[in-house]
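**Q** For reference, the chains in residue letters:
There are 2 protein chains.
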Amino acid sequence: MRYIVAFAAFLMVSTSALAQDDPVVLVVHGGAGGNKKAMGPAVEKQCRDTMERALKAGRDAIDKGESLDGVEAAIKVLEDSGHFNAGKGAVFNRDGRQELNASIMDGKTRKAGAIAGICRVKNPIAACRVIMEKSGHVFMIGESAERYCKDQGVEMVSPLYFWTDRAWKELQSANAGAKKKAAGLPSPPERGAGGEGDPPHFGTVGAAARDRKGNLAAGTSTGGITYVRPGRVGDSPIIGAGTYAENGVGAVSCTGKGELFIRHTVASDIAARMKYAGDSVNLAASKALNGLPKNPGGAGGIIAIDSKGNVATIFNTAGMFRGTITQSGKIWIAIDPD
Amino acid sequence: MRYIVAFAAFLMVSTSALAQDDPVVLVVHGGAGGNKKAMGPAVEKQCRDTMERALKAGRDAIDKGESLDGVEAAIKVLEDSGHFNAGKGAVFNRDGRQELNASIMDGKTRKAGAIAGICRVKNPIAACRVIMEKSGHVFMIGESAERYCKDQGVEMVSPLYFWTDRAWKELQSANAGAKKKAAGLPSPPERGAGGEGDPPHFGTVGAAARDRKGNLAAGTSTGGITYVRPGRVGDSPIIGAGTYAENGVGAVSCTGKGELFIRHTVASDIAARMKYAGDSVNLAASKALNGLPKNPGGAGGIIAIDSKGNVATIFNTAGMFRGTITQSGKIWIAIDPD
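Those protein sequences? They're chains A and B, same order as listed.
The first sequence lines up with residues 1 to 338 when you count with this note's numbering.
The second sequence lines up with residues 1 to 338 when you count with this note's numbering.
The hints are simulated quantities; they were obtained by calculation from the structure and are not laboratory data.
All values derive from a computational prediction rather than experimental measurement.
Some hints could be false.
EDC-like, lysine to aspartate or glutamate: derived pairs with alpha carbons at most 20 angstroms apart [unchecked claim]: (1) 294/B <-> 133/A; (2) 150/B <-> 95/A; (3) 275/B <-> 279/A; (4) 122/A <-> 80/A.
Just so you have them, the derived chain B footprint on chain A, three or more residues with Cβ under 8 angstroms [as the list claims (entries may be wrong)]: (5) 47-55; (6) 144-156; (7) 235-245; (8) 264-272.
Cβ coordinates follow ideal geometry from the N, Cα and C atoms, glycine included.
Input sequences plus hints: build the corresponding full structure.
**A** Here it is as structure tokens:
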């Protein structure tokens, strides 16, 4: 298995000077299923453009507010784009429904909001923020959560809003695969969330931010896995698995085989390694990813930012859509392990 | 002087010898809302008897199988009893429904199963085990999860099975309180899950076990909070928050203000402190509980067992129903901080 620390070399060379003058304020990912060759140049450009818009929107929001605003703004752009498996771009489950999951965490207060199993909220990340700030709770699920969000003025849509031609085709393909499998014929593996057999570029999205005051925040949003069992929830809405933020330590968003990330509490494990073992953000993230049981095709990817503005973006898949933006607006975007 | 040293050495020897000869194999809790005075001797006896049965059932299951079997067997007894806020004894939410949440984790494989927002599964802890072993997933929610459990042969019941007189009275009382609050009159605080304003003895249940081979396992099961917002999920079904187990480190089950336990990833934080900072199980659990934001009336409690069989049972409430059983069957049960 290839194990990649894509951003490490860049960081080691330029971090100290950069971090002082023009630190990274936001890092985003678009899932660890990125494969440049398979997606082709046209789709790659759409995804890169979307990511650039997300980074700019996030940076602007951080400039006017704080890290939490940047995380929400960036993820909203990715959710609305339809180019990633979150929000508009969510995939169908085995019931032909799009069940959305997301979470957000504010490192300053260690408050968090999370939502799972919803089909009518346009921006799950916005719902998470409302739950965090208004409900007195952290985690809400299903139709009751939708009802609460609606009462709170969160933008609702018909489930049809999420019906894209791409998701439809993927469902048909997965359905055909399942029929083949049931008939004992060779079939493709389960798709989605950046795992093996994934479509070339669609994945969970996430963001981690650090503002001028050193406040950290993180968020993650997903549309699940095509043809997945209804009611299945991955790591994206789980604080400590898919998302974690703690001022003075780090902010983390994960993507990949959600079950592994839950079982190994990956996001909080990274923070714990930094807090208790003194690991750097990059070492902590690398160890956490490396500690997952090996799966063919890789387990996923991680983005993280520490309290000094050091960034880690790592993955053990063929590629991960990821990008950073600095305080002054300098953007870096990559897919391959380059 | 020499005499005293010799005596101390003897003590040290005999403690470790004891742990070797007849180690604790199972520790259980019945929520951190225990208050002996408020519950009265009759209810206390019922709860103690139930806990004793749970400990014995758990020990027997460990004897025939492994730690995971003990956790499931013990929690099943507590769920079935109606004396705790889990399974049969679950409380009503604001929709007049009992939404059950639970999780289980096997330290040997770090596999886990969790379920939330279900109303028709008799033993949520058994559903967790089925999800863990058969679904390929970790976490399933709502009616889809129920449907899956039913298909897998998990015992289903009508929602009416959970309708107890006690839960009904509590709902009425909470409802009346909410009406008073809405009218601007003094009202009691929100109840349940071992927090302030809780009924005297009902709480989330949990277990942590260590078998002869050193395999660790943990589980937690809850009926939520009386009059809570529908769709709210606490820490009980969250791996790393309410439940965590990892061979060579520890097994943990938490109870209390679920939101705090999620935000501070308490169960995995205890394991992380043991792994990365070298803390004992007792120190790690104490630090984790002390690290929670202070709330009037306390945040909750924790039970944990480490890879050597050392046990921690701590809480910052008036009391916590808790007990242990050794390999040979020696039982210890307590409520007060004594």
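**Q** Each of the hints needs a verdict: does it hold here or not?
**A** Status of the hints after comparison with the structure:
| no. | hint | in the structure |
| --- | --- | --- |
| 1 | 294/B <-> 133/A | holds (19 angstroms) |
| 2 | 150/B <-> 95/A | holds (17 angstroms) |
| 3 | 275/B <-> 279/A | holds (13 angstroms) |
| 4 | 122/A <-> 80/A | holds (8 angstroms) |
| 5 | 47-55 | violated (count 0) |
| 6 | 144-156 | holds (count 4) |
| 7 | 235-245 | holds (count 5) |
| 8 | 264-272 | holds (count 5) |
In summary, the one numbered hint that this structure violates is 5.
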